[in-house]
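K.L.:
If you want the building blocks of each chain, they are given just below.
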Amino acid sequence: MIVTQCVQNYFKIVLRMISSILVVDDSKSSRKINLAMVRELTGENVTCLEADSGEVALDILGSQRVDVVLLDLTMPGISGFDVLAQMRSKHLHGRVIVVSADIQRLAKERVASLGATGFIEKPIKIEALRAMLTQLGAIHE
Amino acid sequence: MSEELFNEDERDVLGEMVNIAMGKAGATLAEAFAGFVNLRVPEIRAVSAEDLRETRARLMHTYERISVLEQEFFGEFAGTIAVVYGPASYAALRQVLGFDDRAGDGRRQREELLLELGNALASTCVQEISTLLELRTGLRPPRVMAFDVPTSEADWHLFGELETLAGQMLLIDIVFHLEGHEVPFELMVTVQQNCLPALKQALAKRI
Amino acid sequence: MGALVMKSLQNASLDATDIVDNLLTVGIVVVDRRFTVIMWNRFMELNSNLRAEDILGKNLFDVFPELNRNWLEKKIRSCLVLRSASFSSWQQRPYLFRFKASNMLSLETDHMYQDAAIFPVRDAAGLVEGACIAIHDVTELAEAKRLLDLSLDQALDLEESNRRDALTGLFNRKFFDEQISQEVVTARRHNRPLALAMIDIDHFKTINDTYGHVAGDRVLRALATLLNNMLRGSDYLCRYGGEEFGLILPQISPEHAGILLERLRKAVENADTLLDDGVTVVKLTISVGVMPLREGVAPGTMVRMADELLYASKQAGRNCVSLYKPEVAPVPTESR
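Chains as they are written, first to last, in my numbering: chain A, 1164 to 1304; chain B, 43 to 249; chain C, 24 to 359.
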């Protein structure tokens, strides 16, 4: 027991059960790119979901367990900001990584205060996603 | 948008590029105003001279008085950018852009402020789109076309020339809503007809 | 891109900096992040009387204290941060560097007008490490525009003088005749009210005979001022004849026209006109005829009827306003 614990502490591996990732973006090409990157990084074990609007995203989040959300901000109808706010008020589960072209400082601050775990600037680079998912424990170093 | 110019996938890719360009320009504007800029989904349309009527009506409705700057961009990606301002907070702009009060607060100083900011927004936007498209572009110096006039008067400056063109033009409309300010800033990018084929090719590569 | 060009020039054994240096139509000043001058081409040398060897390595603002440091520093920093070009136009800022204008041309100006472009300069690694200020001499352009504006102003003045009465500064009879027709058309098109008043000074001949023509002129000018001060920006007060005035009142109802003219009449009655001798005070009264726009009445007829109403005021004892009343004097029917 102690040996196992030492080994675990030594390698500082944190194992978490990540089984599903939701990509939210009104742009089809953007969803395609993000999903492709996610699949490349996480392999077969993770279920990938997509939503083309904030409304659909909230539906999905309300009806099934989603572990990680890649969320666009600028969408017609319900914006990414609104999605975050509603996730909070409805206590919806999911760690949110905002992936957006809206890179102003206040936007980043706002999503952080609304509970987002991270922010990746568009156009998304695989290294940035890798780093973020590693941080969340979705993939191992 | 008319099917003639771009197909759905091409429109989607272009939309994302404009989105990224808008984000960059928006960040510049946010710094200039030290406030939050509300970004909405930009409008990208193929318009004919008649469709402009709708756009003009919207402008008349949104702005009572406007200032309009025009800046040409040329090369593989070419066209014109019109920067439309409602009554701006000159004091706020001056402070952030660092133009001192010594020069006074006359019309020339205000025009200079608008030109400075307009140029920053327009060039950020257009350069980013052209970089993403891998097409070459350069910008000419901006000009003040109308300064603080009733919107109906500026109408010709904005659309006068476009009215004479036959066929369709690509119009990209980016509106920046400054939090706390009722009247938005706006970039209207008209892409020249003869570079649309190159644009289409560049988009097709990225689908 | 730069590397490609450099290679190409090297292969041809050409010195790239020679091109920039000898460019005599554009001033090139390159500064680093601390505003130390690292390039100063011949245009700048010749116009500033400062040789490159005397400025390279020095701080730009130390050498040119009259430059607007606050503005230019900010502009250069902005260029370095945003990594894009910005511009300056003579129309907002006449010049950056105060150089003498070319002495070949007969110019009104003593300084050079300048357009400028400020763009970032990259090092070999591709990082932005400096800014280039490109100065264009646009003095000829500025002068041409100045002359054009002057001509336009003069043309407008001329047009103005064609429609003004020299003595009173009011619009003249020619303008009145044209404008009343136009106002009638506009009023009918937008279904808006319009009124016309003809005003005549009472016993003006007597004033002229008693006090002289100079005094008469004085009285006319004073009356013009008095009336104008009580009118709206959209109203047109015109000198119609020697002592007669036409007043076009757009967007006014018949009732309000009557009220307004009564107010004017009273003001004139109460006013004192001081003559040029500084002592003599002249009192005036006016007679007025007011004709509102009516269906089927042509502008010419409208003027005629206002005149008849004016005459009626004179007949009624002067110093009064006669407003058209349909039941009293029905309008003669005629085609428009």
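If you're looking for bench data, these hints aren't it; they were derived computationally from the structure.
Check the hints yourself; a few may be wrong.
Claimed, not checked - List of simulated lysine to any residue pairs, SDA-like, C-alpha gap at most 20 Å:
hint : chain 1 : residue 1 : chain 2 : residue 2
1    : A       : K1271     : B       : M187
2    : C       : K97       : B       : E73
3    : C       : K168      : B       : E153
4    : A       : K1271     : B       : N80
5    : C       : K197      : C       : L181
6    : A       : K1271     : B       : G77
7    : B       : K247      : A       : A1199
8    : C       : K168      : C       : H134
9    : C       : K97       : B       : M187
10   : A       : K1271     : B       : E221
11   : C       : K97       : B       : E221
12   : C       : K168      : B       : R149
13   : A       : K1195     : B       : D51
14   : C       : K168      : B       : H219
15   : C       : K306      : C       : L287
16   : C       : K81       : C       : K123
17   : C       : K123      : C       : N70
18   : B       : K242      : A       : S1192
19   : C       : K337      : C       : L287
20   : A       : K1271     : B       : H219
21   : A       : K1271     : B       : P183
22   : A       : K1191     : B       : V191
23   : A       : K1271     : A       : K1288
24   : C       : K228      : C       : T209
25   : B       : K247      : A       : K1271
26   : C       : K123      : C       : E89
27   : C       : K228      : C       : D295
28   : C       : K168      : B       : A76
29   : B       : K247      : A       : M1200
K.L.:
Each hint: holds or not?
P.N.:
Status of each hint after checking the structure:
At roughly 36 Å between alpha-carbon atoms, A/K1271 and B/M187 are farther apart than 20 Å, so this suggested pair is violated. Distance hint between C/K97 and B/E73 is fulfilled; the C-alpha atoms sit about 14 Å from each other, no more than 20 Å. In summary, the hint linking C/K168 to B/E153 is supported, as the alpha carbons are separated by about 18 Å, within the 20 Å threshold. Our distance criterion of 20 Å between C-alpha atoms is met by A/K1271 and B/N80, whose separation comes to about 13 Å.
Pair hint C/K197 plus C/L181 holds up; C-alpha atoms about 15 Å apart against a cutoff of 20 Å. A hinted pair counts as satisfied when its Cα atoms are at most 20 Å apart, and A/K1271 with B/G77 qualifies at roughly 13 Å. Among the hinted pairs, B/K247 with A/A1199 is consistent with the structure: their alpha-carbon atoms are about 18 Å apart, no more than 20 Å. For the proposed pair C/K168 and C/H134, the alpha carbon gap of about 16 Å is at most 20 Å, so the pair holds.
For the hint linking C/K97 to B/M187, the alpha-carbon distance of about 25 Å lies beyond 20 Å, and the restraint is violated. Distance check on the hinted pair: A/K1271 and B/E221 sit about 16 Å apart at the alpha-carbon level, within 20 Å; holds. With a C-alpha separation of about 25 Å, the suggested pairing of C/K97 with B/E221 is violated against the 20 Å cut-off. With a C-alpha separation of about 18 Å, the suggested pair C/K168 and B/R149 falls inside the 20 Å cut-off, and the hint holds.
A C-alpha spacing of about 12 Å is found between A/K1195 and B/D51, which places the hinted pair at or below 20 Å, so the restraint holds. A hinted pair counts as satisfied when its Cα atoms are at most 20 Å apart, and C/K168 with B/H219 does not qualify at roughly 37 Å. A distance of roughly 14 Å separates the Cα atoms of C/K306 and C/L287; the hinted pair therefore holds under the 20 Å criterion. Pair hint C/K81 plus C/K123 does not hold up; C-alpha atoms about 23 Å apart against a cutoff of 20 Å.
With a C-alpha separation of about 7 Å, the suggested pairing of C/K123 with C/N70 holds against the 20 Å cut-off. Taken as a hint, the B/K242 and A/S1192 pair is honoured in the structure, with Cα atoms around 16 Å apart against an allowance of 20 Å. The hinted pair formed by C/K337 and C/L287 meets the criterion: a straight-line CA distance of about 16 Å does not exceed 20 Å. Among the hinted pairs, A/K1271 with B/H219 is consistent with the structure: their alpha-carbon atoms are about 17 Å apart, no more than 20 Å.
At most 20 Å may separate the alpha-carbon atoms for a hinted pair to count; A/K1271 and B/P183 exceed this at roughly 33 Å. About 41 Å separates the Cα atoms of A/K1191 and B/V191, which puts this hinted pair outside 20 Å; it is violated. At roughly 18 Å between alpha-carbon atoms, A/K1271 and A/K1288 fall within 20 Å of each other, so this suggested pair holds. Restraint check: the Cα-Cα separation between C/K228 and C/T209 comes to about 37 Å, which exceeds 20 Å; the hinted pair is violated.
With a C-alpha separation of about 32 Å, the suggested pair B/K247 and A/K1271 falls outside the 20 Å cut-off, and the hint is violated. Taking the CA atoms of C/K123 and C/E89, the gap is near 15 Å; set against the 20 Å cutoff, the hint holds. Taken as a hint, the C/K228 and C/D295 pair is honoured in the structure, with Cα atoms around 18 Å apart against an allowance of 20 Å. Straight-line distance between C-alpha atoms of C/K168 and B/A76 comes to about 38 Å, which puts the hinted pair past the 20 Å bound.
With a C-alpha separation of about 19 Å, the suggested pairing of B/K247 with A/M1200 holds against the 20 Å cut-off.
Of the hints listed earlier, those the structure fails to meet are numbers 1, 9, 11, 14, 16, 21, 22, 24, 25 and 28, in rising order.
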